[in-house]
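Since the structure of chain A is provided, determine the placement of chain B on it from the hints.
If you want the building blocks of each chain, they are given just below.
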Amino acid sequence: MKYKQLIESLGNEYFFYSHNINGDYLYISPSVKTILGYEVEEAKLGLVKHMTDSELNKKTIEVLKKSATGEKQKTFQFELYTKSGSIKVIEITESPLYNEKGELISIEGVAHDITRRIEREKTIKEQNEKLKQQTEELEATIADLKQTQSQLVQSEKMRALGNLIAGVAHEINTPIGAINASVDNISRSLDESMQNLYILFTRLSERELVVFLKIMNLIDRSKPALVSKEKRYFKKLVKEKLDNAGIEDTYTMTDHVIYLNLYEVVDQIIPLLKVDNPGFILKSIRDIYSVRKNSENIKLAVDKASKVVYALKKFTHKDQGMDKELSNLRENIDMVLTLHHNRIKQGIEVIQNYDDDIPLISCYPDELVQVWTNLISNAIQAMDYNGQLTIEIKNLGERIQVSIADTGCGIPVEIRERIFEPFFTTKKAGEGTGIGLELVLKIIEKHQGNLDFESNVGEGTTFIVTLPVK
Amino acid sequence: MRKKAIVCVDDESIILDSLGEQIKNIFGDEYLYESAENAEEGLEVIEELAHEDVDVLVIVSDWLMPGKKGDEFLIEVHKKFPRIVKVMLTGQADEEAINNAIKNAELHAYISKPWSAGDLERVIKTGLSKIENKG
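As they're listed, the protein sequences go chains A and B. With the working numbering, the residue at position 129 of the first sequence is 129, and numbering never jumps. With the working numbering, the residue at position 33 of the second sequence is 503, and numbering never jumps.
So that you can see chain A by itself, here it is in the shape it has in the complex (with noise of 0.2 Å):
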């Protein structure tokens, strides 16, 4: 017993005991009652009869039995009730004990209370498979947030063409309606053309047949279209011209000069009107005009409505690949302002400050039209759809910068900070999803771009966006 002082020593985690090779214990440390509540005499009766029906204790059993016949095993556990019926796993480690000749003699064995550390470890183990658990969890919370996320930016682009719907029908329907109206005032004035000529020719003498070459003569094609008010400004000097000069049925003459864009030559023209017809001979040469002009109106119809399905294309087009594309911002602007018109033209000054040598950007065009999107939309409302919206693009050289400012309400200094919040919105529920400007940011980060803003409440906002060239 070399060490039977030293393991002593160590009473409240170790306990030594020899046995013979019957199993009548010689000895047991007296630190067995401070670890198994047992004296030790009670204990000398034996400590097997302690053991619980564990399974790691019908192993333990087949150990000990090969132990007692001196094979040297590995340390190995056990679990044993203590006198207070409480469940202590003791380690121990057995080693034979032989005499001079080779007999066995007895077992000592160094017994180990670790059932702290198993305990420890089963905590360990547990908060182990718990924090497992958790990150699962939220691994799979993070995976239906980007779902989430990415269908809200895919809602918040439904949205804003939902915005734009209404408004497309509209802008497509006007220009169909006015190529229909043209079509018709053709058909009409070749049929009128073509009754008139009959009379052209069987009719009318040689000086009105004149009349009739010089007016058409005078017809200057490429004078721009009048606006109402300068129309009307026109048809009353005209009628009192021709109201001057004694000519008959001066509501329908007036009507034919200003249709026939003859209004600055009014004064060429009354001297030729004293023919026996001028009403005829005007009529005439108006139902040939008219072609002309419905065909313009045609051609400006048709530009309107492919302006239209063009940005309307371009905005619903879904990104093809991952690859940026060199782009031309002003047309990637334009194209929204496009889409925007009918919201915008209620009562908005649209003001275009271009640089002359913007440079094609290497972007991803689509999602930057979301971006002019969100800010026009934006600035549209904060105007309540009434103001001055001022489009700046400036080349400075490495980057470029644009700036879409509106003379709306601002951004109270209390709310500043939240606006690029994802869900803060002060648009009333349904009219936003509170990611929009969330989502310029994020596309303006992929851009390596940045995004400021200026706003004075009851002035104005603006925001600032540069954008690098490469």
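Treat the hints with care, since some could be wrong.
Claimed, not checked - If you want a taste of the chain B side facing chain A, the calculated C-beta under 10 Å gives, among others: (1) Asp481; (2) Ile484; (3) Leu486; (4) Glu504; (5) Ser505; (6) Glu518; (7) Asp525; (8) Glu566; (9) Ser582; (10) Lys583.
FYI, nobody ran anything at the bench for these hints, they're computed from the structure. None of the values given here were measured: they were computed from a predicted structure. Every residue gets a Cβ at the ideal spot worked out from N, C-alpha and C, and that includes glycine.
Relative to chain A, chain B alone:
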């Protein structure tokens, strides 16, 4: 005999030009045709014509225009000139606005863009006969 007029209000010149000519083609020299690009100008035109002893019989107005919308415009016209027949011609049907105009401006008819010459003619003619019946 007093002159009679039909007034068109639309912010798109392509509409005003084609619609004006179309109406003139249908109704001939019996009427004057005037146009305006927005509600404010529309009212100005009607008042100016009234001042010149021209009776405006029919107004054909767009709904979505810069400034005042079509329904509000027609309501305003109705207050000052209740006898004028009001027609709305627009590419975007806003139900609320149409109901507003029916209720508060005695809207005679609503035509959506693109329209047919036949519809336009029928609507204006029924409007004109309404005025004649009233005497």
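Hint-by-hint comparison with the structure:
The restraint placing Asp481 (chain B) at the interface with chain A holds, with a minimum CB-CB distance near 6 Å, inside the 10 Å limit. Below 10 Å, beta-carbon pairs count as interface contacts, and Ile484 (chain B) has one with chain A at about 4 Å; its hint therefore holds. Of the supplied interface hints, the one on Leu486 (chain B) holds, with its beta-carbon coming within about 6 Å of a beta-carbon of chain A, less than 10 Å. Hint status for Glu504 (chain B) relative to chain A: holds, with the closest Cβ pair at about 7 Å, below 10 Å.
Evaluation of the Ser505 (chain B) hint against chain A yields a held restraint, the C-beta minimum of about 5 Å falling below 10 Å. Hint status for Glu518 (chain B) relative to chain A: holds, with the closest Cβ pair at about 8 Å, below 10 Å. Because the beta carbon of Asp525 (chain B) sits about 14 Å from the nearest beta carbon in chain A, more than 10 Å, this interface hint is broken. At its closest, the beta carbon of Glu566 (chain B) sits 13 Å from a beta carbon of chain A; the interface hint therefore is violated under the 10 Å criterion.
Below 10 Å, beta-carbon pairs count as interface contacts, and Ser582 (chain B) has one with chain A at about 7 Å; its hint therefore holds. Annotation: interface hint on Lys583 (chain B) holds; nearest CB of chain A at approximately 4 Å, less than 10 Å.
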